[in-house]
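Each protein sequence line maps, in turn, to chains X and R.
Mapping of the first sequence onto the numbering used here: position 158 corresponds to residue 143, and the numbering continues sequentially without gaps.
In the numbering used here, each residue's number is its place in the second sequence (first place is 1) plus 181.
Treat the hints with care, as some may be off.
What the hints assert, rightly or not - Calculated pairs, DSS-like style, for lysine-lysine (alpha carbon to alpha carbon, straight line, at most 30 Å):
1) K501/R - K513/R
2) K524/R - K502/R
3) K366/R - K337/R
4) K290/R - K456/R
5) K111/X - K366/R
6) K366/R - K106/X
7) K456/R - K111/X
8) K513/R - K532/R
Treat the hints as calculated values from the structure; they're not laboratory data.
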Amino acid sequence: MSAIIHGAGAATALSTFNSKKLVARSRTNLPGRSKRCIVAAGSDDGSKSFGSSSLSLRHSHKLIANNAVATKADTSATTGHELLLFEALQEGLEEEMDRDPHVCVMGEDVGHYGGSYKVTKGLADKFGDLRVLDTPICENAFTGMGIGAAMTDLRPVIEGMNMGFLLLAFNQISNNCGMLHYTSGGQFTIPVVIRGPGGVGRQLGAEHSQRLESYFQSIPGIQMVACSTPYNAKGLMKAAIRSENPVILFEHVLLYNLKEKIPDEEYICNLEEAEMVRPGEHITILTYSRMRYHVMQAAKTLVNKGYDPEVIDIRSLKPFDLYTIGNSVKKTHRVLIVEECMRTGGIGASLTAAINENFHDYLDAPVMCLSSQDVPTPYAGTLEEWTVVQPAQIVTAVEQLCQ
Amino acid sequence: MALSRLSSRSKGISRPLSAAFSRSISTDTTPITIETSLPFTAHLCDPPSRSVESSTQELLSFFRTMALMRRMEIAADSLYKAKLIRGFCHLYDGQEAVAIGMEAAITKKDAIITAYRDHCIFLGRGGSLYEVFAELMGRQDGCSKGKGGSMHFYKKDSSFYGGHGIVGAQVPLGCGIAFAQKYSKEEAVTFAMYGDGAANQGQLFEALNISALWDLPSILVCENNHYGMGTAEWRAAKSPSYYKRGDYVPGLKVDGMDAFAVKQACKFAKEHALKNGPIILEMDTYRYHGHSMSDPGSTYRTRDEISGVRQERDPIERIKKLVLSHDLATEKELKDMEKEIRKEVDDAIAKAKDCPMPEPSELFTNVYVKGFGTESFGADRKEVKAALP
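Using the sequences plus the hints, can you model the full thing?
Set out below in structure tokens:
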């Protein structure tokens, strides 16, 4: 991966990138690109109002005054419907199940109960017991079964009631799901989606507040994405189901009730692309999932203090979208990573290494990474608050980096 | 391959032959009924009858294929000692009857999934000797392009799902394949094979529970060779009656050294699974080699035991006796057949030795589908190209 990006780094013309160009349509006509670059996927064109890049164009002069908290407001979409994140996931899942009869869902209480977070509500009534399968409590076996079914021509969506339970299926995910395409010489594809809520909730206790991104990130052959808004939740769910590779979709327990207006027409998000939440000039803040909201809250404070942070929701945890990240680093020269993973061996740790390796020359300050503490998540509310990164810490870190 | 040769011979044309068969071989598919050596022991079901319907053609093909498998495994042994095969190499000699009997009872639409002792099952599913040896030696023409190795043989077009290194992990996969077969209404079954060592894995019982609950056409086959690597079954399992371990799931104990008993049991199991859901088959078999090539196989069992089984229960000897007693071929013809098989195996090895190693760029292929994972996805996105260093 790094060798590819080195090619991109060789194009010095990119360093004069300004934020206006960043929101331009096709990135293919960027000057000075060497042959060894990745040409990243173009973003939505400006006509779609919900596109992240066009949104930032609209907002770039507004954000100073506006409330920079929470989800991006969909200002100009007059069509579209408002829904909560779990409903967006359900809509995506339902549309894909309608579209392809090979898609099935398996997990604990996904069928008759409607899903513990209501993501699969109503699906069992609509599609029947053979397509929405209530499994007994045996993660190892039903994950294995999902992978075995995917080896033929089904496309199962495996739900872990809580991401932490998937640790019991780690062998199946690591050895079979990730590796079968390779060890069979390409004979089998495993188009499986493994999804579930993870992350630190509200006093759920240590075992139910797991962040598994760090454990799964070294498994070769899988892709990992983390959704954070209803828009990207639905888009990523659809993309993950359609992908031929095994995809692990990380949702967050506390984000299920986020409300946003999403378009009526069908859309898919790119699995490997990061999302520009707020373009800026002074510092790049990389984040994903729930921490995006903490960052945006901190951004509000920072903007009042006169800073202009660029916030990127990396979305794709494996592989990293080093193209978007790289362009941002080349512009701002300072990076802060805010994540909910543990400090040791987390996504932030890998991202820090990747950025240092690839964009070292562009950095004016060391990459700073704010992550959760390396402790089991305590039950007490105050302690739990201190394990996770809080907006005040983000503000302090930015001030420190921007000195 | 053996079958087509037989049928062309059996047209009764006598010509000067350099091949193994002569005019005195009985023609075609004369049916023969063979009694299995031992009765079946059943749990929660009625055992099938001991009389197995077969034919002369089948009998001879059993002999030929089993001799081929035996020779292939012995050759793999010498290749390993010559350091042409590295890593782990788990040999199947002694257990050939299970692979052969199972193949005779099913079609290529029925799926088989097994653990790491998979060379012979791959061969039985239609794999070629060349693919086997090329894969074992890590060459690019191997069945998994040299990237899998001994424990990762797969053949998708014959529904052979491998080839798995982690003990017991293949059983939930097998039940998943059975689920897919039921989902797609295929009228096919899945044989999920595992050993007596794996029979103590929890995921087996989890998968069995789901299979029984959802009425999946899965057949769990325990190849009980009585040793889980170095641990004898009585030291690992409180209840070594693996066919009863299913509790509410019916089971059948089969003499795994008798190819016809295996065939009968698999036929019975397939009919059962298509109607009633999962069933467990325990194949009482034996392996002559150790667990793998790094295990001499004699530290936990006596040489007398091994040679005793070889003398009394060897599957190929049993078929040989049947062939001779039914006058299907003479001793000399069978010896010639074996010589021919030896030559076939040697030729395949020589050809595989000539095959080149995989290209360095193959390191990165097949990790993800569609390239290196940096390609864009989505209905309204532009293409992404990634250039490898």
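We went through each hint and held it up to the structure:
Under the criterion of a C-alpha separation no larger than 30 Å, the hint pairing K501/R with K513/R is consistent with the structure, at around 12 Å. Using a Cα cut-off of 30 Å, the hinted pair K524/R and K502/R holds, with the two alpha carbons roughly 23 Å apart. About 19 Å separates the Cα atoms of K366/R and K337/R, which keeps this hinted pair within 30 Å; it holds. Restraint check: the Cα-Cα separation between K290/R and K456/R comes to about 17 Å, which is no more than 30 Å; the hinted pair holds.
The hinted pair formed by K111/X and K366/R meets the criterion: a straight-line CA distance of about 20 Å does not exceed 30 Å. Distance check on the hinted pair: K366/R and K106/X sit about 26 Å apart at the alpha-carbon level, within 30 Å; holds. A threshold of 30 Å between alpha carbons decides the hint, and for K456/R with K111/X the separation of about 27 Å falls inside it, so the pair holds. Straight-line distance between C-alpha atoms of K513/R and K532/R comes to about 28 Å, which keeps the hinted pair within the 30 Å bound.
In the structure shown, no violation is registered for any of the earlier numbered hints.
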